[in-house]
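Protein chains in written order, with this note's numbering: chain G, 1 to 258; chain E, 259 to 576; chain C, 577 to 866; chain D, 867 to 1247.
Please note that a few of the clues may not be correct.
To be verified - Here are the simulated DSSO-like pairs of lysine-lysine, each with C-alpha atoms no more than 30 angstroms apart in a straight line:
#1 1023(D) - 1154(D)
#2 77(G) - 366(E)
#3 813(C) - 366(E)
#4 212(G) - 171(G)
#5 1078(D) - 1047(D)
#6 983(D) - 1154(D)
#7 983(D) - 893(D)
#8 761(C) - 264(E)
#9 1078(D) - 1154(D)
Since the hints were derived computationally from the structure, they do not count as laboratory data.
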Amino acid sequence: MSLLEIQALGISFGGVRAVHDVNFSVEPGEIVSIIGPNGAGKTTLFNMISGVYRPETGRVVLSGETVTGMEPFRLAKRGMSRTFQNLQIFQNMTVLENAITGFHLQERGPVLADLFNLPGSRRRARLAEAGARALLARVGLERAADRDAGSLSYGSLKRLEIARALAMQPKVLLLDEPAAGCNAVETDEIDHLIAEVAASGVAILLVEHDMKMVMRISNHIVVLDHGEKIAEGAPAEVSRNPEVIAAYLGTEAENADG
Amino acid sequence: MRISGKYWTLIFLAALIAVTPLFFPSGYYFRVGSLLFVNGLAVTGIVVLTGYAGQISLGQAGFAGIGGYACALAPVHWGVPPALAVVLGAAVSGVLAYLVGRPILRLKGYYLSVASLGFGILVAMVLNNERELTKGPDGINVPDIGLRGLLSDWGLNLTNGEFWYALTGICLLIGAWIALNLQSSPTGRALRALHGSEVAASTVGIDVARVKIQAFVISAIYASVAGSLMALQNKFVTPDIAGFLHSVEMVTMAVLGGVASVPGAILGAGVLTLLPQVLTVLAEYEQLILGLVMMGVMIFLQEGLVPSILRWFRGRDE
Amino acid sequence: MSELLQFVFSGITVGAVYALVALGFTIIFNASGVVNFAQGEFVMLGGMITVFAHAAGLPLPLAALIAIVVTAAVGVALNRLAIEPARGAPVVSLIIITIGASIFIRGASQLIFDKQIHSFPAFSGDDPIHVLGATILMQSLWVIGGALAVFAGLWLFFTKTLLGRAVLATSNNRMAAQLVGINTKFVMTLSFALSAAIGAFGGVLVTPITLTAYDVGLALALKGFAAAMLGGMGNPKGALVGGLLLGLLEALTAGYLSSQYKDAAAFVIILAVLFFMPQGLFGRKSTDRV
Amino acid sequence: MRKTLITTVPAALIALGLATAAQAVIKIGASVSATGPAAFLGDPEAKTLQMMVDDLNAKGGIKGEKVDLVLYDDGGDANKARTFATRLIEDDGVQAIVGGTTTGTTMAILSAAEDAKVPFVSLAGAIDIVQPVKPYTFKTPHTDRMACQKIFADMQKRGFTKVGLISGTDGFGASMQAQCKDVAGDYGIGIVADETYDPKDADMTAQLTKIKNTAGVQAVLNPGFGQGPAIVTRNYHQLGIELPLYQSHGVASDGFIKLAGAEAAEGVRLPGTALLVADQLPEGDAQKPVVTAYKSAYEAKYNQPVSTFGGYAHDGFALIVDAISRAGSSKPAAIRDALEQTKGFVGTTGIYTMSPEDHLGLDLSAFRMLEVKGGGWTIVN
């Protein structure tokens, strides 16, 4: 039994099949990348796995439990965490507070304790803050802790989102284009970070357009085209697969930055 | 860093409440002060709901009505002491907010505002129509809270105006303290997170529906207590307290001053409480000016008075 | 039977009034995403300006035309002076701005006009038409016809004209609309002018039935808003159906249950509909894009 | 409009400065609902008070002392009214208060005035204001209970025993509805239908159809004010209901006939005051000179027909002025005592005779039953 199993997952919008009959599985410590041309259904697949969309067909099994269509916050309790393609940062908070929110499951407690600032509430908040500061240091944002999140650069926001997702100490981490819009140095940092997280035993599911990065760090690659899985396997195998090459060449001409 | 900010705000507020009476030329100013504090308390509840959690309710006055009428009815019908009726009203408001909140907080933006608006109108309608109980649109007498007599037994003689100024001032301080506690607490962070992005809040494990209801219940209790204090102070209450205009007034006060922060919202309550008193000289133009102020502040100071002014100061420092 | 028919006539009359107000909301909402709480004031201005122009000796049709044109100008001014400068402000700020505008217009009207209740003669006399033992006024037919005409006009505008589609495009994505060459500023101006004109047109039609005064706008706006929400904000069909449904609900509740709680019944139904259909009856379902 | 604002602001400020500079000894306070849902009532009240104080001062004031009127607009909001009452008493230091357009605002002012022992003359209808008697509170309008009695007496005379009610849900309509249901039995009248409408409703045919189809109903009574009764009257006509229709004193004005349409209003009866039929009063009528003087002055100044409500304010202000001049003092307690001793004072609403047990001082004779005939009000004998 794998940590995360995706079985025959499918959904359609307004009669158009966005994702159809996709199967694969992820083991602890493994980095699985999902690639495919624009509009292949990668983000939709992510949204179904993470409970943002409710799949029409198929099942998502996490640690042996069927969690299909479960709301994101319930999945979070079961150890699933994610980042977003178009950033979902809490713009109305500081960088530190954004990171602390990642510790919500650990720091939450009775509302009354929070309202009256009881010692329990203060202790929980303190612990979460210490954890958040440590995480910010890990992603290189410790100096920006007290700045408004809205004032950070795009690359920094990407890292902040990863920090927030890591705060939950997830078993499975879904990263939707973590390196998009980042320069070479930043990409490199994120690259290392992902490898490090995986090495600690977290299963990572990655959507990324930077093929060099994907080929470098993935253990396993799933290729989507038009919502269907057309290939899967180790990076070297997949890059030689004629169907994959065709799918990419077909779109490369229209969309150079793929 | 946040901690000291919180206590500075409270100390400043307490000093303001304690010192300004030294400059009051007549008892009327105590009345205006206590009005301001009651409005400030109601508006602090809006900060929790709208400022922190980002949910817009146009039915808050419904809870003020429940609080107000609890003080009118419970002492007469069930012999509850008026001071305890405040707690009873708050409890009823909280439970009702929980029951009503479950379905309507699923809605977003304008749909949420129309649903909450409907709730407020329903409460006002019941208060208007159930004449047997509420005496209808002409209003109903509210018994004296009785605490003033108690204080004078202890040798503290206050005029009615002074007593209410002090009582509502203390209530406002407590209310502000609680809301400020919440802001930097785990629950408060969860509320502000869902304001920022509901889907991201959910992915970090925040039960969005649950914390939304918590915010709604908390803000309902604030409105209810404010309504109770208003009714007890006036010794009289009419269904207008639950009316749409009162709901709009509360939201306007909060947004005008800066809905994301407690001091901002209280300042907004101050401005809109004082404005009509200042404008009596120009009574005919009151509406005109009120409308202009509302539009002007929202156009030029979109975050409200306090945040915009703070930003301006900060901008000058740099 | 004649009783039921009378209730239905009553409901349709009132419902057509709500529908006219609700239709006014749709264009501004479609173009800018703003619910204009001053929409009721447009209706009031339509009625009041007509009353005073008529009293000054102008023939009724000319007075009505002046009222519509002047109100449209007020709508344009509202957009230029209050909505455009606040673009990008959060929903709650926009709500306060339009409520502020409505208070301002009301305050100005009580100074320019007066605080009395007014009316002007019905277009085709006050004699009711008898149908199977029930009666309906000619003016009610004017209102119903007006609501249908505005609905048809809006439907054609949004589906058949380039300008109408430009309005919809602007509401969907302002930036993209600008990129494809739509003058979004003009679209906004036009939308406010049209919305205000529709409101004023409604005011002209309903005044002989509902009477008018400087402060009638708020109650009309609330009911019209509720009707628009019931039908689904932004959809002319929703506004028409929502308005008529609301009117019928009120009349039937008043007729068969309790006139005291007719407004309550209407709001309970709205809450119930929103509970099962969070976007109203005909609203578009929106999916979060993340 | 902008121009007037610019010129009025300094003017108002200057006026304010002058008012405090002049040796105004007597200060009378007022809080009325000149705006808001009761503006229909409060607007003429505010105008009347303003006009009367100007007239009084032009004539030299009370025994040579000028009167300063401090007038606030409470917008019909009880909470605001209470604040203004406190302001009048504690900040402006007035010797007497007139106002309280609605029962709700009156109740809010009442407790402040009683606490501070300042005489207060209310302009609202409910009987609770003066019953039980409160030492410092008086009122000028007849109670809504009296209006019901007057109407039911007339119905009794015409032999009606089954009556349908259709009332506005505002304070005025709801209070009168309750009073009428309470006293109907005294006149052998049964209420067989009891419907209501919201003051802003556009159509009342549903409620009227229900009343029309109620078995045995002989007459219909509509307690309410504002546009509601005008719409009820039109719908009544539209439905072709032949039963006699009674309105309340809330719509006793020429404006009502205009709004309802002369044809629809024909035959409508209501209990009104002498003010409405000033020119029809017989020469010997004691109220004729008072009513005519007020009517002509008001209509000349504001170019608007007088209303019963403006008349209430007229009487309230005049009663206070009368009490001050009789008392020879402007001390609140002295004014209160003199008010209570008012005897045979002729106002627009009726002839007031107060006593320690009666702080209204009017009886049913102050009401005149009026009927719309040929587009105008006539007295029913």
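Hints and how they fare:
Our distance criterion of 30 angstroms between C-alpha atoms is met by residue 1023(D) and residue 1154(D), whose separation comes to about 27 angstroms. Of the pairs offered as hints, the one joining residue 77(G) and residue 366(E) holds, with about 25 angstroms between alpha carbons and a cut-off of 30 angstroms not exceeded. Between the alpha carbons of residue 813(C) and residue 366(E) the distance comes to roughly 21 angstroms, so the proposed pair stays at or under 30 angstroms and holds. With a CA separation close to 26 angstroms, the supplied pair residue 212(G) and residue 171(G) stays within the 30 angstroms bound.
At roughly 19 angstroms between alpha-carbon atoms, residue 1078(D) and residue 1047(D) fall within 30 angstroms of each other, so this suggested pair holds. With a C-alpha separation of about 35 angstroms, the suggested pair residue 983(D) and residue 1154(D) falls outside the 30 angstroms cut-off, and the hint is violated. As the CA atoms of residue 983(D) and residue 893(D) are separated by approximately 15 angstroms, the hinted pair is consistent with the 30 angstroms bound. Annotation: proposed proximity of residue 761(C) to residue 264(E) is violated, straight-line Cα distance about 44 angstroms (limit 30 angstroms).
Between the alpha carbons of residue 1078(D) and residue 1154(D) the distance comes to roughly 40 angstroms, so the proposed pair goes past 30 angstroms and is violated.
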